[in-house]
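Protein sequence lines, in the order shown, are assigned to chains A and B. Per numbering that gives the first Met the number 0, the first sequence runs over residues 0 to 93. Per numbering that gives the first Met the number 0, the second sequence runs over residues 0 to 982.
Keep in mind the hints are simulated off the structure, nothing from the lab. Computed from a prediction, not measured in an experiment: that's the story for all the values here. Virtual Cβ for every residue (Gly too), placed ideally from N, Cα, C. A portion of the hints provided could be inaccurate.
Cβ-Cβ distance ranges computed for the label pairs, FRET-style [unchecked claim]:
{"#": "1", "chain 1": "A", "residue 1": "T16", "chain 2": "B", "residue 2": "V914", "range": "38 to 46 Å"}
{"#": "2", "chain 1": "A", "residue 1": "F39", "chain 2": "B", "residue 2": "H705", "range": "34 to 42 Å"}
{"#": "3", "chain 1": "B", "residue 1": "Q518", "chain 2": "A", "residue 2": "A35", "range": "55 to 63 Å"}
{"#": "4", "chain 1": "B", "residue 1": "R816", "chain 2": "A", "residue 2": "T74", "range": "58 to 66 Å"}
Far from chain B, by Cβ distances over 12 Å, these chain A residues were calculated [unchecked claim]:
{"#": "5", "residue": "E3"}
{"#": "6", "residue": "L7"}
{"#": "7", "residue": "P48"}
{"#": "8", "residue": "G50"}
{"#": "9", "residue": "T51"}
{"#": "10", "residue": "T69"}
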Amino acid sequence: MIIEHPLLGPRDSQEFTCLGDASLLQRPDASADDAAETFFDYQYLRDNPAGTHRELWYHEMGDRSWLVVTRDTATHEILAVELASDVVTAGGRS
Amino acid sequence: MTQVNRLDGGLIDREAPLDFTFDGRRYGGFAGDTLASALLANGVRLVGRSFKYHRPRGIISAGSEEPNALVELREGARREPNSRATMTELHDGLVARSQNRFPSLGFDLMGINDRFSAFLGAGFYYKTFMWPKAFWERVYEPLIRQAAGLGALSGDPDPDVYDRGFRHCDLLVIGAGPAGLMAALTAGRAGAEVILVDEDFCAGGRLTMERESVGGLSGNEWAAQAAAELAGLPNVRVMPRSTAIGIFDHGIYSVLERVSDHLPVPRAGTPRQILWRVYAKRAILAAGATERLIAFDNNDRPGIMQAGAMRAYVNRWAAAPAERIAIFTNNDDGHRTAADLAAAGVEIAAIIDSRPDAPASNIAELFAGAVVSNSSGRRGIGHVTLRLADGGRKHLSCGALAVSGGWNPNVHLTCHHRGRPQWQEDIAAFIPGEGVPPGLAVAGAARGIFSTASALADGRDQALAQLAELGMKVKTAPLPEADDAPVTITPLWHVGGTKRAWLDQQNDVTVKDVGLAHQENFRAVEHLKRYTTLGMAGDQGRTSNVLGLAVMAELTGKTIAETGTTIYRPPYTPTPIAAFAGRSVGRDFRPTRLPPSHHWAAEQGAVFVEAGSWLRAQWFPREGETHWRESVDREVLATRRSVGVCDVSTLGKIDIQGSDAGAFLDLVYSNMFSTLPVGKTRYGLMLREDGMVMDDGTTARLGETHYLMTTTTANAVGVYRHLEFVRQCLRPDMDVQLISATDSWAQFAVAGPNARRVLQVVVDPQHDISNEAFPFMACGTISVCGGVMARLFRISFSGELAYEIAVPSRYGDAMIRALMAAGDAYDITPYGTEALGVMRVEKGHVTGNELNGTITARNLGMAKMVSTKKDSIGAVLAGREALVAEDGLCLVGLQAIDGDNVTAGAHLFAEGTPVDPAHDEGYVTSAAWSPHIGASIGLGFIARGADRHGEMVRLMNPLEGRSARARICSPHFIDPEGERLRG
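Whole structure, please, built from the sequences with the hints as guidance.
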């Protein structure tokens with residue numbers, strides 16, 4: 000696969016490692032009363048759809064950016080690539 | 000020996016005669032021959048034995064689909080089994096042998112399998128050899144492996160180099176037949192960057208094998224002219240001997256170039272093969288088509304060939320398979336074959352055309368509406384039996400039989416993204432259907448457009464369409480005039496009979512096997528394939544699949560379109576593993592990292608060990624030491640008595656800077672770091688989000704906004720990745736930056752009571768490193784040896800008074816030599832990873848053995864290090880009920896008694912309990928011989944361990960059949976109060 004890196008242009012997927020579901024960006028609030036439950040869900044419940052999926056990819060052999068790649072897991076078509084830090088910042092978290 | 004079947008003409012170079020041997024006999028051929036064409040020219044029909052029944056087999060094709068003529072090439076370490084004779088270019092001195100026969104090709108003892116064929120049908124592996132069970136591994140499997148099979152490897156390392164390469168283009172054209180050449184010409188003339196690949200050694204595809212004219216020239220001349228024009232265009236690269244074997248996502252194509260296979264030995268500095276990764280914006284598949292046979296009883300005799308292959312041998316290679324040849328066809332192609340063979344002077348025994356309305360022939364006797372129902376002959380065809388239109392029978396003598404069952408487009412690459420071919424009734428073949436990879440167009444015979452004129456037009460038009468998608472405007476060029484005969488075919492798949500009729504000759508699958516699969520309800524195409532192995536041979540079913548599907552369709556009463564087809568995966572043709580490995584073999588399989596003191600250690604005669612990607616000194620043997628333990632014990636005792644030095648540069652080092660660096664570390668470590676004073680170092684415990692320990696190490700605060708983290712050697716990459724995840728994905732708001740500094744610094748542990756005295760020699764005098772000025776856990780930037788910048792950390796892995804001193808990597812070699820010189824007065828002893836391990840076990844420090852992914856801080860006795868005053872990764876889930884249970888595992892020391900040995904991996908059982916999983920209380924993680932204690936000791940985890948010091952346990956190691964007894968103790972075997980560290 001070729002991943003269109005937002006900073007570096009098209010890069011071969013061999014340069015990356017994949018972590019899976021981008022829901023890992025939404026780390027729960029550890030101080031909340033229900034933290035035990037929300038952290039359990041955060042850690043163990045991941046989506047793995049056949050179709051459009053938002054995933055975390057790490058450019059380990061490159062500039063070490065974490066990317067959010069929106070990919071169709073059935074066709075490998077890549078619909079969008081964003082810097083994870085941009086996604087988190089735009090989400091207004093933290 | 001004369002070439003008895005050599006005709007006049009052809010595209011061989013008669014000025015360049017070549018000698019070769021097959022099964023030890025010498026033969027002659029010419030440049031331009033393949034091994035297959037040369038064997039045919041020499042009258043050799045029998046070339047191999049079949050996989051299962053050891054039936055005599057001959058050449059049936061003239062291309063990469065060949066299922067039968069698999070031979071061993073070359074000798075010694077370059078011996079290569081399972082090479083297709085049809086793809087092997089002849090060179091002078093070529094040595095080839097038949098395979099899968101014993102003692103000889105003509106007389107094969109395993110031919111007896113053929114007599115027992117009733118017991119060896121489809122699925123026999125699943126039904127026989129079931130009992131007794133113990134016989135499977137010892138008797139049945141070795142027997143089957145010896146009897147069934149193909150060639151053998153030499154067993155020696157391959158002396159040749161295989162390489163990998165990368166290429167980019169606008170348009171990749173796969174196949175240099177009429178469609179491919181026309182596509183490449185169209186795109187090349189328009190200025191596009193074009194790569195044209197073809198598996199043959201010369202361009203033209205079928206044009207090199209047919210008698211026809213293109214643009215007023217012979218097909219071959221036109222192809223040669225087109226290839227020459229392409230070779231002259233700077234934007235076009237023509238790659239002969241190159242097969243596109245796979246299509247991957249986003250326009251990535253795998254191309255195997257057989258650079259040197261046609262040479263006796265690769266030229267110096269040239270690889271044997273190159274596996275290219277081609278990045279193509281667009282591609283055109285012009286892979287042509289493969290002729291299929293018709294199944295009839297004993298249709299696998301040597302001499303029975305594809306009609307098109309026979310034309311190829313006669314037209315291109317001037318080699319007639321026999322003097323008198325019969326032709327069996329269900330379409331007009333058989334008549335074309337008759338014309339070409341007759342024109343070359345071959346006697347045509349008859350044309351047997353299964354169509355009652357077959358066109359008249361003025362070339363040979365025609366049997367319309369007749370079929371070939373059987374063949375006979377010893378080690379090759381001698382006669383065929385015809386079943387005539389009126390039901391009568393007739394015997395015909397012939398030396399070969401050309402069979403034409405119609406042509407299957409080579410759709411294989413269109414299936415690599417799960418594309419499904421679709422049935423096209425008028426040509427009775429599958430053509431590319433839904434799911435062709437994006438960016439790929441199919442042209443010519445590969446999509447069922449068979450005539451030369453229409454293939455040329457399709458090649459041009461597909462190229463124009465692809466260029467238009469790339470935004471390139473191109474003028475339409477005129478096409479050369481060419482033959483444009485339509486396809487007329489009346490499908491005939493198999494002729495009913497009472498004997499065996501072969502579908503897949505390489506895997507020995509017959510019509511009866513498909514019947515058996517049907518009878519046993521393996522009717523879906525995927526089941527049929529796996530139950531009978533139909534289409535699982537090296538040709539991926541190119542010669543067999545459609546026949547088998549058609550037979551199944553008849554049995555189920557469905558159409559072929561309803562029956563469907565299996566799909567194909569890479570590689571398109573058999574590809575050596577060596578090509579995939581490329582240069583990643585032996586030492587180059589992966590990179591080896593050398594610590595900065597490596598060359599010095601090698602001078603000392605160190606024994607090295609692979610530790611992850613590093614090569615580290617394991618111990619430093621001295622003269623007279625005969626056992627590794629002598630060296631290791633000496634290194635440990637010398638360090639504890641005086642001073643030792645060890646290269647610890649392999650530990651991961653991560654430089655962390657920014658105004659939020661402290662807060663960042665508070666998040667990633669379970670304990671506090673924002674409160675660490677500048678100039679101090681602290682042990683840190685890092686958890687995964689699930690609460691298990693990920694890694695540990697020390698982190699130093701070098702400045703107000705500057706920390707330096709160390710990780711274990713094994714986890715350096717993973718921890719860095721994790722820190723970047725936290726920084727970018729969880730807290731991009733923090734002002735913190737990371738950089739891996741592992742390779743930037745050479746770091747040495749200097750340990751033992753005399754460590755400070757040694758360091759005082761190398762540390763520049765303005766730096767006070769006395770115990771008062773530089774106490775335990777202090778750190779700082781200093782200079783050594785007269786001004787070389789260095790970092791000093793007073794940390795200890797051995798339990799002794801110890802420091803780690805770091806200098807920029809380029810000074811590492813000089814630093815170890817300076818330390819050794821400085822320590823000479825104290826008998827300084829270099830120690831390796833073994834002594835390092837012994838001392839850390841004696842001290843009770845944990846490493847990767849203990850931090851195995853299932854261990855919590857609580858298991859380590861470090862529950863208090865998980866701060867509850869702040870949020871940190873893993874803190875919430877570390878509090879889960881099961882992880883805080885009172886009877887959980889706890890780190891302990893183990894000391895063997897009665898001279899027993901502690902072994903890592905042994906499981907722990909209380910005295911007097913049964914040895915079963917229900918009574919398993921824990922396990923040993925690390926073991927060492929402690930010269931300090933004088934006993935075998937270890938670390939491990941056992942339930943309620945903290946309360947059980949002094950108790951006896953049994954160490955059971957059922958895998959090695961060993962057991963031992965040990966006493967549970969504190970994991971700190973030496974200096975539990977830590978007085979040595981602080982001295």
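Worksheet item: Out of the numbered hints, which ones does the structure contradict?
Response: Hint 5 alone not satisfied by this model.
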